[in-house]
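Generate coordinates for the entire structure from the input sequences, incorporating the hints supplied.
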Amino acid sequence: MEYAYIFIILACVFGFFMAWGIGANDVANAMGTSVGSGAITIKHAIIIAAIFEFSGALLAGGEVTQTIRKGMIDTSSIAGTPELLIYGMLAALLAAAVWLLVASYYGWPVSTTHSIVGAIVGFAAVGIGMEAVMWGKVGTIAMSWIISPLTAGVIAYALFMSVQKLIIDTPDPFASAKRYVPIYIFMVGFIISLVTMFKGLKHVGLDLTTMQAYLFSAMIGIGMALISKIFINRIKHEPSEDEDFHYTNVEKVFAVLMIVTACAMAFAHGSNDVANAVGPIAAIVGIVESGGEIAAKSALPIWVLFLGGVGIVIGLVTYGHRVIATIGTNITELTPSRGFAATLAAATTVVVASGTGMPISTTHTLVGGVLGVGLARGIGALNMRIIRTIFMSWVITLPAGAGLAIIFFFILKSIFS
Amino acid sequence: MSNYVFRMFGSSPMRPLQDHMGKVHLCAAELVNFFEAVIAQDQARITASQQSIVELEHEADKLKKSLRLSLPKGMFLPVSRRDLLDMLTMQDNIANKSKDIAGLMLGRQMELPESIAPLFLTYVKRSVDAIAQADTAINELDELVETGFRGREVKVVEKMIKTLNQIESDTDEIQIQIRSIMFKIEIDLPPIDAMFIYRIIEWVGELADLAQRVGSRLQLMLAK
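Residue numbers (our numbering), protein chains in the order written: chain A, 1 to 417; chain B, 1001 to 1224.
The set of hints was computed from the structure by calculation and includes no laboratory data.
Incorrect hints may have been included.
To be verified - Computed list of lysine-lysine pairs in DSS-like fashion (alpha-carbon distance at most 30 Å, straight line):
no.	chain 1	residue 1	chain 2	residue 2
1	B	Lys1155	A	Lys252
2	B	Lys1159	A	Lys178
3	A	Lys165	B	Lys1125
4	A	Lys43	A	Lys229
5	A	Lys165	B	Lys1184
The structure presented is a predicted model; accordingly, all values stated were derived computationally and were not measured.
Given below as C-alpha cells:
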C-alpha cells in the first residue's frame, strides 16, 4: 500500500496529540471531586491520575477502542477502497483534536467522546455515504449518553443514602465510619477489578476463568480494605475539632475512602477515554497491516493502548496539572463523604460502560453523580448554570466534530489521491 | 482554563447565614449592657453601648448583602431559596430592631422607672436568650446539610426550636407583668414618657418574636 508508513505515523502523531489533549484537559474534570473535597492534595492527585489513567487505558481500554475502531462504520461498502477509511479516521482524529484545542482555548467544556463519535459519524455519512454508518450502534451510543448520567445519579443517591443510614445517622458516627468505610473500600476494589477481569486481560497475558476473576477481585478488594484499615485505625478522634462542625472527625475517615475512589475514577476515565485517541489509530494500523484489507476480526495491538496511556500521562504532567491546581486554590464545601458517593457512582458507571464497549463522557457521568447527591439534599449549593453549559456542550460538539471531520476528510483525500 | 466539574459547586449559603446570625446575636446581646447602663444612668456607657450596637448592625448588614449576592437564581440548594432569603431578612430585622431600641432610648434620653427596672432587665435578657437559642439552632445548618436534612440531627434541631418557643412564651409572661406594673404607675409619669416606655416594651417583645420566627422558618426548611 502506498503511503502506508506515512499513514501510520500521521495516525500516531494525531492520536498522540489527542491523548495529550485528554490528559491536559479532561483528567482534571475526572479528578475535580476528589481534589475539591480536600481529601487529596494536588500532588497526590497527579500521581494517582498518572498511575491509574495509564493502567485503566492499558488494562481496560480495549473494548471501547474496538467500538471506535470498527463499531460505528459498516466497511462492506468500501471494501475496494480501504484508503477512504484511513483518510476518514485521520480526519476524525484531527477534527476531534482541533475541536478540543479550540474549545479549551475559549474555556468551553468539551467532551472528547462526543467530538470523536461526531467526527467519525460525520465523515462516514458524508464522505462515504449514509448507509456506511451503522445507525443502530450509533443510536445505542447516543442512548448511553443519556443513560450514563442517569445511572450515576441513581447510584450516587443510593450510596449517599446508605452512608447516611449506616454511618452519619448513628449514635457514634465516628465508630460507624471506622467500621463501614473498609467495606465500601472492598466494594470499590471488587467491582472495578471484576469488571476489568471479566472483559479479559488476555492482551496482557492473563487468561482468567469466571471463577478466577471473582476470586482475584475478592482478593484485591480484601487487600485494599485491609491496607486502608491500617490507615483508618491511625486516625484519632479529636473532640475539639468537632466543636464547630460536628462531623469533622467522621469526614477524616471518609477521606481515606475518597482516595481509593479517586484511584477508581482515574482508572475508569483512562479505560473509557483512551479509546477516543487510539481507536482511529487502531483502525488505520489494522488496515495497513492486513495489506489494505479491512479485516473485521483483527486483534487490537496492545502498543496502541500503551501509546494512548503514555499520551494521557504526558498531557497530565505537562499541562493538566495546572488545571487541577486551579481546584486546589478554591475552597468548596464538598466534603469527602459526598465526594465519594458522586465519584464512585460515576467511576462504576464508566467502568461498566468501558466493559461493554460504550464510549461515554466521564464528565457528564460525574455531573450525574453529583446531581444525585444534590437531590438527596447533601450539597450546600450547585450551580445549575454551569451544569446546563456542560450538558449543552455536547449538542454543539457533535456537529462541530462532524463538520471539521468532513472538511479534513476531503482535504486528506485530495492530498493523497 | 477552568475545571468544569469543580465549578459546579457553588459556595454554600449555610456558613454565611450562620455567620450573619452570629453577628445579629452579638448585636442584640449588647442590649443587655445598654439597659444596665440606662438603669445605672451612666451616660458615657449608654452612648458607647449604643455606638457598638450601631456598628454591629452595620456589619450584619454587610454580611446580608454579600450573602444575597452569592445566591443568584439558578442555584440548586438543599432548601428553598425563598426560605433562605426570608430567614436572612428576619435575622437582619433582629439587628435593626436592636438598633432602633437603643437609638430611641438614647435620643429621648429615656429612663426606666425604678419599680419596673429589675424586671425590665430580666425581660431584655430573656429576649436575648431567645435570640441566642435561634443562633444555636441556625448553627446546626451545616450539620443538617451533612446529614441530608434527615434523622437524628433533625430531631436535635426540632428540640432546639421547641426550647426557643418556650423562651419566647417566657418573654410574653414577663411582658404581661411589666405592663401590669406600668398600668399602676403610668398616672405618675409624664404621659409622653409613658407612651415611649410602652413602645420599648413592645419592641423588646418583638425581638423574641422575630427569633421565634427564625426558628419556625428553620422548621419549614426541615420539612421540605
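Verification of the hints:
{"no.": "1", "hint": "B:Lys1155 with A:Lys252", "verdict": "25 Å, holds"}
{"no.": "2", "hint": "B:Lys1159 with A:Lys178", "verdict": "29 Å, holds"}
{"no.": "3", "hint": "A:Lys165 with B:Lys1125", "verdict": "41 Å, violated"}
{"no.": "4", "hint": "A:Lys43 with A:Lys229", "verdict": "23 Å, holds"}
{"no.": "5", "hint": "A:Lys165 with B:Lys1184", "verdict": "60 Å, violated"}
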